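**Q** Residues per chain are reported as follows:
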Amino acid sequence: MIERILFIFQKEVKIFFHTFMAPLVFGGTAFLNALFVLISNFNERATHEEATIITFISFMSTIIIAMAIVSMNSLVEEKNKGTMELLYTVPITDLEIVLGKFLFGSFVCFLVTFGINSFFPIILYSYWKAPLYLVVSGSIGVFFLGIFTYSVGMFGSSLGKNQVISLLISVLIVMTLWVLGFFSHLFEAKTRAILFHLHIFSHFIGFSKGVIPLTGVIFFLSGTFTFLYLTVKVLESRRWLG
Amino acid sequence: MIEVKNLTKYYGEKLAVNKLNFSLRDGEIVGLLGLNGSGKTTTIRMLTGFLVPSEGEVLVDGISNFQNPLEAKKKIGYLPESPPLYEDLTVWDYLEFVAKIKGVSKEDRGSQITQALDKTNLKEVQKELIGSLSLGYRKRVGIAQALLGNPKIVIMDEPISGLDPEQILEMRKLIASLSGQHTVLISSHILSELYKTCDRFLMIHQGNLKYDYSKQKLEQELVQFSSLLVSLGGKSKEEIISYLNQILESKIEIETVEQDGNTYHFSLRSENETILRNRILDTFRFNGLELYSLHKKEVTLEQIFLSNVRN
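Chains E and B are the protein sequences, given in the same order. Counting from 1, position 210 in the first sequence corresponds to residue 205 in my numbering; the numbering is continuous, with no gaps. To convert a position in the second sequence, counted from 1, into my numbering, add 270.
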């Protein structure tokens, strides 16, 4: 099983670096980071706490955009190019297909978080004199958010008929979870509590304050597993529905 | 090798394939005939495990492809109508990936890929990106991937669609070369192409298996449909038809009459074609008719196919 997951992963990596996707994702992330982080921080921020928070809030946006773009192709392109017919008819399970692709998404997320993004935490650490733990916990938060977004994107890609619809589905889910919590105060206590627990922003913000909140880790990991599970179920249903 | 029992598929309320029963024996090349939308691709997709049947089962070498899909799939190589290719990989990288997920061991991988490249004449393009290849090459890459893992059964859905005449000849040779080593199932609606390559023919219409013919049985059918094309002149059309009907004792069927100046073209069918041919010659000699041509009409499988479908 592990071997077949790795074969799917290797194939995804090969295609990613053979196409425009790698420069688009890495270059685009670097560009947006520069736009969001440098302009905001160097113009307005005075303390390292402020600079750190604004940096990681910027990363929050860029990692969501990057991972949504990477994931939008993950399954819909296999369907549209007919290669899903290959994957469905060779000795490999739907779970292995999904896990192989997820491993690839996590790899890209790792490269973005600890490679492309790392330039800015280094500045935070060296220029703003932010403590190392603050920089590390913020980066871990970005990584969790990235793999969560990728799993949502895979789910969108399993449902969509083309890349744009897939992207819209995943953006809709992530944006709903991002925005809805801000309006939780409008609801009664029980609903408010549920909305607050589903609020991406409140789970993420803890990481950029130098802690690794357990609820945040559980939220992102359970959310990731849930969407991976749903993706496997969508793939299984395709065999029945045709 | 493959045993299909009561295979049925519904898409929602629509019945696509209805209780198919047939089996494929070791080493034979079988053609799956059917019009577009007749259920060929759905049938093939259920055989390969791409689709789960609504009812019935498929046994591949005794293994159910629903109960134990991973084992069953190891025995099948599949080329869909549109070859399932990653355009951003080179031919070699793609075949290596397929060999890996088919479970070909590391030691055998290189030799199996080389064999598949040799068989499909792809050696000269092995380092090229698949996206830059022509359709003929892409189909060959599709066949090469189907042969990896040395499957006992090779299933091809419309392997010759979209190919030019030269590529069709190459593809036919390639399919013929698989005979004996693999059990092959080919679907097509270009029936004359299947006739040249297959030992047995299954015809599907509206999801039902209409007939299961061996090549000999099909040849008998061809005789029934054979006819003579004769071009005559020297008399009026009515007179010629009258001679034909009288002298040949109305035992012939005049299928078509076309006029080209003073020449009339008839398509004649009879139970005994030899007697018909001799009598035509005698009739013309003694009645002052001018014979311009007489030849046997090529019978197409399409005729047999459509006749069976209509019946």
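I should point out that these hints are in silico values taken from the structure, not numbers from a laboratory. Among the hints, erroneous ones may be present.
[To be verified] Covered stretches of chain B (chain E as the covering partner; in silico rule of three or more C-beta atoms under 8 Å from a C-beta of chain E):
hint	segment
1	340 to 346
2	477 to 490
3	497 to 509
[Unchecked claim] Far from chain B by the CB rule (all over 10 Å, computed), these chain E residues:
hint	residue
4	E(-2)
5	E44
6	G77
7	T84
8	T88
9	R187
10	V212
11	W235
These figures come from a predicted structure and were not determined experimentally. Glycine included, every Cβ here is placed at the ideal spot set by N, Cα and C.
**Q** Output the numbers, in ascending order, of every earlier hint that fails for this structure.
**A** 2, 3, 4, 6, 7, 8 and 11
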